[in-house]
Structures are given as structure tokens and as C-alpha cells.
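In the order they appear, the protein sequences are chains A and B.
Mapped onto numbering that gives the first Met the number 0, the consecutive letters of the first sequence carry residue numbers 0 to 111.
Mapped onto numbering that gives the first Met the number 0, the consecutive letters of the second sequence carry residue numbers 0 to 263.
Please keep in mind that the hints were generated in silico from the structure rather than gathered at the bench.
Bear in mind the structure is a predicted one, so any value in this text is a computation, not a measurement.
Worth double-checking, as some hints may not be accurate.
Dumping the calculated EDC-like pairs for lysine to aspartate or glutamate here, alpha-carbon to alpha-carbon at most 20 angstroms [to be verified]:
(1) Lys105(B) with Asp160(B)
(2) Lys259(B) with Glu99(B)
(3) Lys156(B) with Asp121(B)
(4) Lys15(A) with Glu49(B)
(5) Lys10(A) with Glu24(A)
(6) Lys259(B) with Asp210(B)
(7) Lys15(A) with Glu60(B)
(8) Lys15(A) with Glu52(A)
(9) Lys105(B) with Glu256(B)
(10) Lys104(B) with Asp62(B)
(11) Lys201(B) with Asp92(A)
(12) Lys104(B) with Asp163(B)
(13) Lys249(B) with Asp121(B)
(14) Lys10(A) with Glu161(B)
(15) Lys15(A) with Glu110(A)
(16) Lys10(A) with Glu52(B)
(17) Lys10(A) with Asp62(B)
(18) Lys201(B) with Asp79(A)
(19) Lys156(B) with Asp226(B)
(20) Lys15(A) with Asp62(B)
(21) Lys21(A) with Glu52(B)
(22) Lys21(A) with Glu49(B)
(23) Lys201(B) with Glu161(B)
(24) Lys15(A) with Glu52(B)
(25) Lys201(B) with Glu100(A)
(26) Lys10(A) with Glu60(B)
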Amino acid sequence: MHELALSRSIKNIVTKAAGGRKVVEIWLDVGSLRQVIPQTLTHCWAIVAQPTELAGSQLRINEIPAAVHCYVCGQDAQVDVFSLYRCPNCDSDRVAVIAGEEFAITHIEVEA
Amino acid sequence: MGRFHRHDDGTVHSHEHDEPGHHHHHEHEPDHAHHHDDVGDHSGYQTGLERIEVLEAIFAENDHAALHNREALDAAGVAAVNLMSSPGSGKTTLLVRTLEALAGKKRVGIVEGDIETALDADKLRGLAAQVSLLNTGAGFGGECHLDAPMVAHALRKLRLDELDLLLIENVGNLVCPAEFDVGAHRRAMVASVTEGEDKPLKYPVMFRTVDVVVVNKIDLLPYLDFDMELFLANLRQVNPGAAVIQASAKTGAGVQEWVKWLVG
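The whole structure should be built from the sequences, with the hints applied where relevant.
See below:
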């Protein structure tokens, strides 16, 4: 339940980026390793945005699955969050996480 | 702006990265662009909307504050450890034993994160050189974790020049504290044998971020079905590099090994 804290960070970043313009949508990349529940984040966002000039803006969350690169078979593969560190193709444990840790605001949509 | 191109007509494209298998740490690469099949180029997708690229990590503000904390600690020559665990793991008792073991050898400060009370801080006062209590329930919105700005607040109440070691006792929780760099140099966690063998697999994000795991309450092993080998195998699966110290804060077993890790 740190989505409330995260919403406050989002508010600060978006307020600065918007430069006073009316924000309609906020697009996020959220990796599945980030322990963020999209519905909870959306709910918290509504609460945090409500008393501000960002009231009514919508979070758009692009969920990115976790993936690993295997140093043994050379392949990249999507993995379950709970079976990290194991290549689903060759069962090697010589893998590196290459996706799933994203947590960034990519862009916002403002009224022209 | 990295892989973004802005054209004369104002449209923006991002390019897919094409090197398979390279290692990404997106939160540290603010100019790293992603390709979104469902996002693409929105210029003109809805009249009256304009796209502004942001590409800013949501943890950037916290990480910036964490960096400042680390700089302040470094300047004073203080080594800091972020200590995390679930509630009831015996973290505070381990801290008491730690302070007893280091008495007269190291000047230890404690940052105590507690949602509402001063109970833990009261146990530690008198043993530690300095204690800074952060009630996360008051003024910080009842947070379930410590973040870098909170720890910055706690550091201002400490005389860092008079400390050698700072132990930051995080809020008891296996989820949220893992996400926030507080500015410590190393991360430790306490996992007690009463919590079961499966915890590394259930909370992989926490277990994979730490440098050491203290497996506490081993004095209870004769009364439990806890399978130490299975726990260690599960831990190695998510964090092959973590040091492991089997301990009992109650009997004192393993405490010397833990203290050695702390001052090492």
C-alpha cells in the first residue's frame, strides 16, 4: 500500500511537466516487479489529484511483464514474477532481469 | 532525448530497442524510450490534446533524496544499514542485542520507523548513542515504509559526526520498504523461522534487494516443522548472492556473526 506515496510523486512530476496546462491523461510504464497494484494506484491517484489542478486527470498504465535474458541458451523470455532467476527455455539459473522493473511516467496528454 | 525524434510537424516517434538481452535499469535511464503498440503517436488522435514527453522515473524524487542522505552520511563517516522485516520477526530484540554487543566499541545511532508508538524506541534508548524516532502515522500519512525524505528528516535530528554506524529500522512489512532507497549503504533483513520457508518466493522483491538475511528465532527450531534447507534453497533462487546468518536474538546465537557483518 505505498500507492498513495507514489501518487504524490506522480503529482509532483506531472505538475512540473504540465506547466499549468490542463492534464487529461498521464501515461505510465509499470513493470510487474514493481509491486504496484494498478487498480489501487488509479484509486489513490483520484484521491491525491482531487484537491489539485490535476483533478479529473486519468492514469493510463502500461503494464510490462517481467523478462529475463539467459546467458546459457541466449534467449530472452517472459517469466512469472515468482519464478525469476530461472530460464523457462533451458532451466538455467544464469539469467539477468531485463524487463519488469520499469516505473516511470512516459508522457502526458494536455489540452491544447 | 535518447531514441525519441521530434519532426518539424511536431510529431514524435519512439524507436524499439533492437539489442536483444541487454540489461535495462529503466529507473536509472530517464531518457530511455519504450515502444508502445497501443500508444504510439497521439498528435492528432483527439482534437485539442497535445502530448508532452516526460520520461521521468517516479522514484526519481525519492532516489535524489536518498543520494543526499548517503552524501551526508559519507561526509560524517557513518555507515548506514536499512534493516527490514515482517512485523514480529524479532528485529527490535536483535537491535537490542546488537547495541549490547557494540557498547563501548562503536557509536551506534538508530532511526526507528514505527507507525504510531514509541515502544521500540523506548526499548533502545539508553543502549544506543542516539535514537531518532519517526512515527510514520503522524504527519506522513500512516505510511507502511520509510522513504528517503522521511529519513532525511530523521537525520537532521542526529549528530552524525558523533556516530560510526546508523541502523535504520524500517516499518515491519515485506512489500513496500523494498521499493524505497532510503540512502543507506547496505540492506539487511530479518526473517524468522516462524514465518515459514516459502517467504523468499512469496516476497521475492524484498528478498532480492538485500545483502544479508538474518534467519532469526532458531532457538524455536525443535518445536517447528521449519525446513532450513528448503528456506535456504528458496532464498538462493531469488537472491543467490545474499549472505545468510542463522541467529537467535533470544539466546544470542549468531549475534556475533551479525555484528561482524555490520561493522565489516
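Of the numbered hints stated earlier in the document, which are not met by this structure? Those not satisfied are hints 10, 14, 19 and 23.
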